[in-house]
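There are 4 protein chains.
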Amino acid sequence: MENFHFFHPIEVRYGDLDPQGHVNNARFLTYMEQARVAYYKHLGMWQGGSFLDFGAILAEVRVTFRKPIHWGDPLKVGMRITRLGNKSMTAEYRIENVQDGSEFANATAVLVAYDYHQACTVPVPEEWRKKIIEFEGLDTAPHHLDNL
Amino acid sequence: MENFHFFHPIEVRYGDLDPQGHVNNARFLTYMEQARVAYYKHLGMWQGGSFLDFGAILAEVRVTFRKPIHWGDPLKVGMRITRLGNKSMTAEYRIENVQDGSEFANATAVLVAYDYHQACTVPVPEEWRKKIIEFEGLDTAPHHLDNL
Amino acid sequence: MENFHFFHPIEVRYGDLDPQGHVNNARFLTYMEQARVAYYKHLGMWQGGSFLDFGAILAEVRVTFRKPIHWGDPLKVGMRITRLGNKSMTAEYRIENVQDGSEFANATAVLVAYDYHQACTVPVPEEWRKKIIEFEGLDTAPHHLDNL
Amino acid sequence: MENFHFFHPIEVRYGDLDPQGHVNNARFLTYMEQARVAYYKHLGMWQGGSFLDFGAILAEVRVTFRKPIHWGDPLKVGMRITRLGNKSMTAEYRIENVQDGSEFANATAVLVAYDYHQACTVPVPEEWRKKIIEFEGLDTAPHHLDNL
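Protein chains in written order, with our numbering: chain A, 1 to 148; chain B, 1 to 148; chain C, 1 to 148; chain D, 1 to 148.
Here chain A stands alone, though its shape is the one from the complex (with noise of 0.2 angstroms):
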């Protein structure tokens, strides 16, 4: 897992906890979110404001769950794009423990390319393809093969 280029931090909150002590599952997806969301602004491919302006959506996700989350363990989350496709992209998450490095969970995520004033999906962006290849060093072969 010595690939991701970016971690964002995440407090665990009270608020996150279930009654069985631990962070609730669900959240383990608001951590990958706001991994995500930070990933977009951090590239530059959203430049804050209305989200109504910026567009993808997630059409898959599975999750890995290794161990339970505390309040206050020591979060980061991992993510990276591992796939550009034409319409859709492939990001990689890990949420591990700040000092130890340990894996909480894994996880993978098929992002889709949207646009909300036409409620349509759309092709990515050729300016998120360009940002998206520099930061992580992808492969730039072509993927007009490609179709999702």
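Careful, some of the hints might be misleading.
Just so you know, same-sequence chains aren't split out, so a pair can sit in one copy or run between any two.
Capping the alpha-carbon separation at 20 angstroms, the derived lysine to aspartate or glutamate pairs in EDC-like fashion look like this [claimed, not checked]:
| # | residue 1 | residue 2 |
| --- | --- | --- |
| 1 | K87 | E11 |
| 2 | K67 | D115 |
| 3 | K87 | E103 |
| 4 | K76 | E134 |
| 5 | K41 | D73 |
| 6 | K131 | E11 |
| 7 | K67 | D139 |
| 8 | K76 | E11 |
| 9 | K41 | E127 |
| 10 | K76 | E127 |
| 11 | K87 | D100 |
| 12 | K67 | E127 |
| 13 | K130 | E103 |
No lab work stands behind these hints, which were simulated from the structure alone.
Position chains B, C and D relative to chain A; hints supplied.
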């Protein structure tokens, strides 16, 4: 998707919505979790009372988001258990529109039997096994080769 | 508390609970908010669609917590508007047990009419005023001295 | 508001936002709750571990919302305890912008000492009393007339 024997209705809350005007992706896990607790109660696997006395934890989840959910959409969440392992079981979910039967999302989860007082995984209790096999009409083939 | 003409049922979710096993205090606001949106819809003040086309913001809230709410408790939230000012109105809430009528919490909120497109407060629309006065059986005394 | 001796920073999450694009009103309670737990930890009133071993419940809360909070706003929540009764205490909160010191909201809460294992209210422990009086520089006048 004709094989769900259990459905739980969900009312979409304003508090479930995000700045894009639809139900936030993390809430899909909350909806499925609510169906799961209701399922446990319905089958008599959990009698109510402290949640620390009931042990099943989420080890893995995969969700496919098919279309956005809005305030006022009439939902029900189907849940069924399709696999019973030694210490784990696989559940499937379908979030659908009560009126037209269309699908908002489907999901799969791996649940692991857990003893909160001992803080360790345990075999799926025989009592659960019987109730689930009967309710779901599962094949009762031996599962001793399944080590998960 | 006999004067509520509007009640909205709420299903307690597992996701509403906190490590102390009962509904987290912040969720009481979520429950009241849900009743509020349903009230607006019921009176025809909001027709559905984008929430950016409906403008009422919370300026102040006070909640008295009377007893904890647990999973499975059958709830309804009563809401009534008791004061109509120039730009604001006061709403009262009561979260109660459907079965025995006991009170979990009561609350008061000050709501201010707001135009999201103009980003400014506005007078309470005449149409709302009429609907609320009729529904609540409010006194129609002049309110021109009320500047809030 | 110069008298807060304790502040806790909060990162606004995308998951805190509602369809009106700003932080949902219920999350203000979540932010204050997070500051409260951090305050208890900071003063040594709670050592970490199970939240069932720490007992203070919210009996009443009042919040005044001054201006909306958006994603990216740098927040801190001030908390101070201003009254120590027999079984209860009053806390005050201020959610402010770290950069310009402007106020997003202020609030007051009444907290009641509670024994979760006995399920009953209890006197504010002497140890808490000492720590709070010292930290807040409270007047140590007798409180035996205060029965709440």
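Consistency of the hints with the structure:
no.	hint	in the structure
1	K87 x E11	neither (33 angstroms within a copy, 31 angstroms between copies)
2	K67 x D115	between (37 angstroms within a copy, 15 angstroms between copies)
3	K87 x E103	neither (31 angstroms within a copy, 22 angstroms between copies)
4	K76 x E134	neither (23 angstroms within a copy, 35 angstroms between copies)
5	K41 x D73	between (25 angstroms within a copy, 14 angstroms between copies)
6	K131 x E11	neither (28 angstroms within a copy, 26 angstroms between copies)
7	K67 x D139	neither (33 angstroms within a copy, 32 angstroms between copies)
8	K76 x E11	both (9 angstroms within a copy, 13 angstroms between copies)
9	K41 x E127	within (13 angstroms within a copy, 42 angstroms between copies)
10	K76 x E127	neither (27 angstroms within a copy, 35 angstroms between copies)
11	K87 x D100	neither (37 angstroms within a copy, 29 angstroms between copies)
12	K67 x E127	neither (38 angstroms within a copy, 27 angstroms between copies)
13	K130 x E103	neither (30 angstroms within a copy, 35 angstroms between copies)
In summary, the numbered hints that this structure violates are 1, 3, 4, 6, 7, 10, 11, 12, 13.
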